[in-house]
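Participant: These are the residues of each chain, in order.
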Amino acid sequence: MNRKLYHGAAYYPELWDADVIEQDIKIMKETGINVVRIGEFAWSKMEPEEGQINIGFFTDMISQLYENGIETVMCTPTPTPPIWFSYDHPERMFVDGQGTVMGHGSRQHACTNNAYFREKAAVITEHIARAVGHLPGVIGWQLDNEFKAHVAECMCQTCKTLWHGWLEERYGTIGQLNEAWGTHIWSEYYHRFEQVPQPAPAPFLHHSSLRTMYQLFSMEKIAEFADEQAAIIRKYSDAPITHNSSVAFHVDNERLFKNLDFASFDTYASSTNTPAYLINCDLWRNFKKGRAFWIMETSPSFSASLESYAAPHPNGYLKAEAVAAYALGAEAFCYWLWRQQRTGCEQPHGSVISAWGKPTVGYTNVLEVEQARKEIESVLLATIPAQAELAITYSDRSKAYLKTEPHQKLNHRGLVTAFYERFLTLGIHRDLIPEGADLDGYKLLFTPFIHYLSPDYINRAQQFVEKGGIWVVGPLTGGRTEHHTIHTDAALGQLEQLAGVETLYTYPMDGTNSIGRAFGESAPLGMWSAVFETKEAAAVGIIEEGLAPGKAFITEQKYGKGKIVMLGSMPMGEEGDMLLKKLIGHYAGEAQLSLRTNVTQGTIVAPRVGDGYTVWVIVNMDGHGGSVTISQEGYDLLKQQPLFPGKLEIGKYEYRLIQFEDTRRY
Amino acid sequence: MNRKLYHGAAYYPELWDADVIEQDIKIMKETGINVVRIGEFAWSKMEPEEGQINIGFFTDMISQLYENGIETVMCTPTPTPPIWFSYDHPERMFVDGQGTVMGHGSRQHACTNNAYFREKAAVITEHIARAVGHLPGVIGWQLDNEFKAHVAECMCQTCKTLWHGWLEERYGTIGQLNEAWGTHIWSEYYHRFEQVPQPAPAPFLHHSSLRTMYQLFSMEKIAEFADEQAAIIRKYSDAPITHNSSVAFHVDNERLFKNLDFASFDTYASSTNTPAYLINCDLWRNFKKGRAFWIMETSPSFSASLESYAAPHPNGYLKAEAVAAYALGAEAFCYWLWRQQRTGCEQPHGSVISAWGKPTVGYTNVLEVEQARKEIESVLLATIPAQAELAITYSDRSKAYLKTEPHQKLNHRGLVTAFYERFLTLGIHRDLIPEGADLDGYKLLFTPFIHYLSPDYINRAQQFVEKGGIWVVGPLTGGRTEHHTIHTDAALGQLEQLAGVETLYTYPMDGTNSIGRAFGESAPLGMWSAVFETKEAAAVGIIEEGLAPGKAFITEQKYGKGKIVMLGSMPMGEEGDMLLKKLIGHYAGEAQLSLRTNVTQGTIVAPRVGDGYTVWVIVNMDGHGGSVTISQEGYDLLKQQPLFPGKLEIGKYEYRLIQFEDTRRY
Amino acid sequence: MNRKLYHGAAYYPELWDADVIEQDIKIMKETGINVVRIGEFAWSKMEPEEGQINIGFFTDMISQLYENGIETVMCTPTPTPPIWFSYDHPERMFVDGQGTVMGHGSRQHACTNNAYFREKAAVITEHIARAVGHLPGVIGWQLDNEFKAHVAECMCQTCKTLWHGWLEERYGTIGQLNEAWGTHIWSEYYHRFEQVPQPAPAPFLHHSSLRTMYQLFSMEKIAEFADEQAAIIRKYSDAPITHNSSVAFHVDNERLFKNLDFASFDTYASSTNTPAYLINCDLWRNFKKGRAFWIMETSPSFSASLESYAAPHPNGYLKAEAVAAYALGAEAFCYWLWRQQRTGCEQPHGSVISAWGKPTVGYTNVLEVEQARKEIESVLLATIPAQAELAITYSDRSKAYLKTEPHQKLNHRGLVTAFYERFLTLGIHRDLIPEGADLDGYKLLFTPFIHYLSPDYINRAQQFVEKGGIWVVGPLTGGRTEHHTIHTDAALGQLEQLAGVETLYTYPMDGTNSIGRAFGESAPLGMWSAVFETKEAAAVGIIEEGLAPGKAFITEQKYGKGKIVMLGSMPMGEEGDMLLKKLIGHYAGEAQLSLRTNVTQGTIVAPRVGDGYTVWVIVNMDGHGGSVTISQEGYDLLKQQPLFPGKLEIGKYEYRLIQFEDTRRY
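Chains as they are written, first to last, in UniProt numbering: chain B, 1 to 666; chain D, 1 to 666; chain G, 1 to 666.
Check before you lean on any hint, since a few could be wrong.
Put simply, identical chains are the same to the list, so a pair is met inside one copy or across any two.
Said to hold, decoys possible - Straight-line Cα separation of at most 20 Å, EDC-like style, residue types lysine to aspartate or glutamate; simulated pairs:
hint: 1; residue 1: K652; residue 2: E545
hint: 2; residue 1: K535; residue 2: E307
hint: 3; residue 1: K639; residue 2: D577
hint: 4; residue 1: K288; residue 2: E435
hint: 5; residue 1: K258; residue 2: E633
hint: 6; residue 1: K561; residue 2: D227
hint: 7; residue 1: K558; residue 2: E220
hint: 8; residue 1: K403; residue 2: E346
hint: 9; residue 1: K258; residue 2: D456
hint: 10; residue 1: K221; residue 2: E307
hint: 11; residue 1: K551; residue 2: E502
hint: 12; residue 1: K235; residue 2: D611
hint: 13; residue 1: K358; residue 2: E502
hint: 14; residue 1: K358; residue 2: D489
hint: 15; residue 1: K409; residue 2: E346
hint: 16; residue 1: K29; residue 2: E67
Bear in mind the hints are in silico, worked out from the structure with no lab data behind them.
None of these values were measured; they are calculated from a predicted model.
Model the full assembly from the supplied sequences, consistent with the hints where possible.
Facilitator: Next up, the structure:
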């Protein structure tokens, strides 16, 4: 890709006449759109009858766009196999958990593991790659669209067979599976892999191992499909490949992006839920570390379908969103969609231009984004996002374990976002990192809500601690094995010895009137908890009331040059929030985090690093304005004037670029 | 039919012994029941074994009733095909949206489009018509019972084939369907009509065109069944034919009644929701204009089934219901049911007589109805309901569009009833009229909640305006094409030019803090909205706050001798209610509506026209009493005394008949 | 069984290695566990491949336990047929009400009526009985586990055929079924039994008779399976047989226990819902009158599964639970489960020992139970629970009628428990007795919430009244026939003449502003009600406001030496609760109940009878402590000191054993 900041939109030229397309391109240029994404649902346009493939419309389109200064991200159209694929072939279709076979007429209706689907997907993708791969306008590729957004695990016969193969590969023999899963429970015991059921309807809950492994199987298979498709494209194109994913989909993003070239995501977070937006930036930056990510889809104003709509963004918010994204590592900020759909189930969805070719309610906000992009582009291209000192491990595989065992309807995304929000509020620059991420460069690591901690992760965290890091483990972390069973050596397995504790009891603290005290705060404790007897460790948080008074729920164990902190229970409510913030603040202090600012809630500071200087990108995200305390003289790059230490006021949705020499202290 | 007011009940003599029937007839006579409806579920009694048909029981029954002064509405028994039809024939049964095949044991279990069903339905109906069509007691016919009350669109294979035929008839070629629906979206594109799916399970929403058209198809087919059945009956009987329908069922009532002879409905509205009751009277009066309608079913006290019950009516309410219905154009007021069911799933349902032959808790109220009927009969037979000056267009086809695209769980019936209630509260006499109704005679026309406005409707409304009418369009009106797609010339298509406006934006105003001001009132604006730039039109309602400040949400365009008023947004909450009432009052004033009274809320005035005089039927519906201001000397027909101008107090559930000479002013 | 109090746990040795088992037995002995229950899900361990049966592990296990002083309740493993039974045999599996076929992987997945299931179940049970039936350690048998806990009525083809046979046996001819059910309603009418459907999906509700009879059929069949299994065991073992049932399951407990030897139940009632716990003791004591019951499963601390958990018990509660159970007639108090599951879907469930072999959060409470057991054992073995003077009839068949006809989502268990709680609060010793129980020895009988009262029950109640009993009938009692239809002679059938009343009306009183007055209290009346005209009876409760003012809702009819009290409506809310307590108190006084104590709410007194003396077991159940007034000198058996009349304070979860000479007055 070229070194620029992209401002783009999803575009469906196959749905419009030539004169409309001409009008679109004209308005795109006026608006400042410099990239469009095309092709993702266009299989029937490319291959109306089976085997009659013609990509000409799209090669022409890409050229026409390129001639007008607009580059293209080309998509494969695999989320929507045409009617010649679907009609009269229920065996090719997705089957849900109730056994219902999906029909044609929406999207993601095919089983992506179906052999014929894979064959036809390979053919169409090869045709597309061959036809457009060499075109100068093509700067990137998107595989498919939002894998597993509308569907979870497929229960078709193809998947059943693949599942048995996957299990055999994982477990070797059925005996080892029986042993690992303890299948004599409820006489589930299997003689052959082919007997292992899919988690289909049953009178009561399925076995945890079966449920979790089936999710892991499904996530692996969709990533394999991506790998397969990427390999085909690479035969014909050097342009980098991505997929527009999300934490909301049933995929393992770490695995998915492993063999792709850059990471991107879609988000339709509400303007009133800034953390749910920013968490994506702080996570996606780390799926392909050192490489910019893309926001591939976001609404210029509001999302909608036939059956629902969100509130349109307040004026000004879109600009704040874009600047925050670019500052946190995005190379592109793209809308879904350019021109409002004329037909289908997303007709009401917000767009840049209406179906009748006029500016929408969000249009002036799009212009503001373009103005901001121009203002900040040179500064941003000269800098890169600062690596955070603090990391929070994020895991979609852990999401699968929690989906199997949600205790009380716990929702992974909600838990993680609420946990993340506290770091935002405290003004601490942070990375969300995948399980397999390198821990070098971090000083403080949080590992919450991960039922199963892999030995590999523990080993790397141990090395991180040895070298001086502080590792905070919990809550809800480490209590399950790889197979989603209970440890039999200790409640938290090998972790306990490392942390210098013995877990006395594990039980749900909700409803037991448990009160914990730590860091000068007392708070109710809840969720599934581990109560500790300290061995080598020190008790830092004590249970004052409840079923285990006097025992510890937070412990500290020095290890090497660092420290392992166990957080066995979840402090609840406002008091719990305060206690957790005190905990974070405490260890941020101990770890001597420097990338921390005294910023008011609702405003963010994104630190970026240039050659011998730092730039703070400050953005007010909540529309109430805010302030940041500046402790060192800097230079306001937009106002082009020096900035003296003191309180810097930030207006409603305002952004500022402040440059500091590298000797500054935050 | 004879010129009388009917007081009737549904009766199931096939379920009882001869002595019980004899007792029933005796009590009916004492009670004043002069008509019963029989036969609607009695197929197994008439044709216990396939082909062994005997209608004798019913001919005898009708004669026995007639000899006792009780006339009969005869039903066809088609909602409940016997076991010889259902057993071992899943292909004849109704299939729901999840693909579940219905079984025997309830009602509406057959697919009414199944060819064998149609054949057997024709046979039994012909036998019945031949046997009873000539009997003097038979004064009318009811086809089937509550078409599509328990089921919506059928998904069986028969329907699939018919669906393809219906599409072919509508669209001619598959190419024209593809074009109209824009099926390249999501690669839905079809090569042959037989490929077009039914809206069966899919991973996400189906295409709007598919969903809406499938509903229109289903509504047409059930009406065709009614046509077919009516034609058979007419071979043997001159008695008029109806169907007991409702706004709650999945039918197009305008189409359904087109080829029937008179309109009737069933209602079980709560006594605390008077508008939900009255709206039926004001609508059904207009399905067969100039011909009295029937209330075919209403509860004498409370509705109930095994799984639910409603609160019994307060004493006195039933009489108010009956008098209001007769006054608003009903020829009959009939109960469901005469004798409480001994068996089945409606055993607990309220009735006139208990299963053990005794008066129920509602019985004295039924006697009150009969007394009232006798009191008012001669006055009502000498008059007819006054045509309203104000009309609100009601459309079941529009309901289908809204069911496809409900935005935020919008419910057509609730929206329309709440809109209607304001006219009631303002004391304005009103007609609800079907889309195809003649607009002659009206001065003020409201067209709310109609996603798709047909060119035919627009043309007729335009002529109405030309001749001096005021047409208020919206909210939620005109934004979709016939095929349930978005206009591409303008947000509201041809309507905009006519109304002298340009729709700048359409978007959901909920959650955007939008405030509109008009007619001296300010109110929050919500729902999916159209924001106007006035061209020739004048801005009457201005958006004061929100995303489009200064733009119009209400506009006025003079056209011919009349005026087109666009209402682009929904004023919400109590303030919105006030604003809407001001709007209605304003245009009622401009239109110089005379059929308006100064009546307190909860009391109604139904104006009727005699030969050179008018009669007001005044009824208190809410049980709190009320008053009406009389501005001209009248004559109290029940008290037989003059009535002088001033405030007339109306007691709890009281009714009054006041006659005025035609020179009066309201 | 031996004369001792058992303290036990469920144990799954087949899931653990020999060394773990050894450790378990060691800790059991330390803990005081003297009985374990084994084998209930172990079919795959016993018969891993079809026909390869080996019970050796369990015979060894029983011997090993016995050698360590631990006795065994042996289970049949029929709730979990192995994969060789399930795999590729959907026709053997349970089918739910939507037609969904259950798969392998959970439990209760087989249709228990399937012939092959019955055959294989007989084979495995015969092998087990032969192998372990003679072992000295085996003191009892449990059949299967929690019949119909996760599933209700099966809809498979096997059940369909058996259903037809059951109907034929019950009704003789299809004509008699048609007559009894009145099947001409909705043309349901059947020609052959094989045509009668199962209550599978239909457009609206099924016929009440069909729904109720299908439940009775299902309950009879599962009891027949129990009978069949018990007969096999008895060929090889003299140890008594039971099943661990519950009021929450879809079984007829009275019928189920008829041919078993002793009664047992499982309960996981919350510590905050004492009545839901105690009601089991007061009911199960009467399924096998004169024989001690078992609490076969209860949590030592909290119940949990992958998807939910309950709050752990407060410390001290478990001991109160155990003492209350023993005092009210339990011979055993057993936990589910001994060692936390390592795998499966119940991993998080509370246990005595963790999966890693350590005491759990509940362990000290288990030790307290053992201490209490030792303290009270000799006193309890020397006494038996006093027969109550007051009985409330409990019927699972009635639950089936209410499930068919729940009016407004009425829940049988909730209704009965709330009704029962009042007797507890009033300190009245009470029996819940099955419908067929002998009424001798009772003075006051309540019969609430029984839609259908059998002639046999009415005759026995009539004899009870003749001899001096007071019988309170209602609410919601007697209004349906055996076939779940409406009486046609009188609303409540033969009951009315007996009670000297005529039911004028039946209707739902909710929402009718009905107020009733009786025993000096006024209260709103609700639920489906019967309004009485007194004939011979006296009006005791009068409807003051509503639709039937002046009529009676409570009547009294003297009959023989006793009295029949009709309660036609449900007093609602706090005032209703007060009125009902006054009613109970009034008739308790008239009946001269002596087994009544002046105990504070949350504390119970369980009276037991010894040879010439009485022992009160007093237990505080709510953790707040309480008091009882002692009116006669007694002897505190635990403190070994006299107790003088006056107020006796009971501490938090404290229990006391007070002995009185038989001349005492309560």
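Participant: None of the hints should be skipped; say for each whether it holds.
Facilitator: Tested hints:
Only between protomers do K652 and E545 lie at most 20 Å apart by alpha-carbon distance; the minimum there is 17 Å, versus 45 Å within a single protomer. Proximity of K535 and E307 under a CA criterion of 20 Å is satisfied in neither setting, with 57 Å inside one chain copy and 33 Å between copies. Taking the closest pair of Cα atoms, K639 and D577 never come within 20 Å of each other, the shortest separation being 38 Å inside a single copy and 49 Å across copies. Taking identical chains as interchangeable, the C-alpha atoms of K288 and E435 lie at most 20 Å apart only when both belong to the same chain, with a minimum of 13 Å there against 59 Å between chains.
In this assembly of identical chains, K258 and E633 lie within 20 Å of each other by CA distance neither inside one copy nor across copies; the values are 42 Å within and 82 Å between. With identical chains, the CA atoms of K561 and D227 are never at most 20 Å apart, being 41 Å at best within one copy and 69 Å at best between copies. Proximity of K558 and E220 under a CA criterion of 20 Å is satisfied in neither setting, with 38 Å inside one chain copy and 65 Å between copies. When the C-alpha separation of K403 and E346 is checked against a cutoff of 20 Å, the pair qualifies only between copies, where the shortest distance is 15 Å, while the shortest distance within a copy is 29 Å.
Taking identical chains as interchangeable, the C-alpha atoms of K258 and D456 lie at most 20 Å apart only when both belong to the same chain, with a minimum of 17 Å there against 59 Å between chains. Taking identical chains as interchangeable, the C-alpha atoms of K221 and E307 are never at most 20 Å apart, the minima being 31 Å within one chain and 26 Å between chains. Taking identical chains as interchangeable, the C-alpha atoms of K551 and E502 lie at most 20 Å apart only when both belong to the same chain, with a minimum of 11 Å there against 68 Å between chains. For a Cα distance limit of 20 Å, the shortest separation of K235 from D611 qualifies neither inside one copy, at 37 Å, nor across copies, at 91 Å.
With identical chains, the CA atoms of K358 and E502 are at most 20 Å apart between copies only, with a shortest distance of 11 Å across copies and 66 Å within one. In this assembly of identical chains, the alpha carbons of K358 and D489 lie at most 20 Å apart only when taken from different copies (10 Å versus 67 Å within one copy). Proximity of K409 and E346 under a CA criterion of 20 Å is satisfied inter-copy only: 16 Å between copies versus 30 Å inside one chain copy. Proximity of K29 to E67 under the C-alpha cut-off of 20 Å is restricted to the intra-copy arrangement: shortest distance 11 Å within a copy versus 86 Å between copies.
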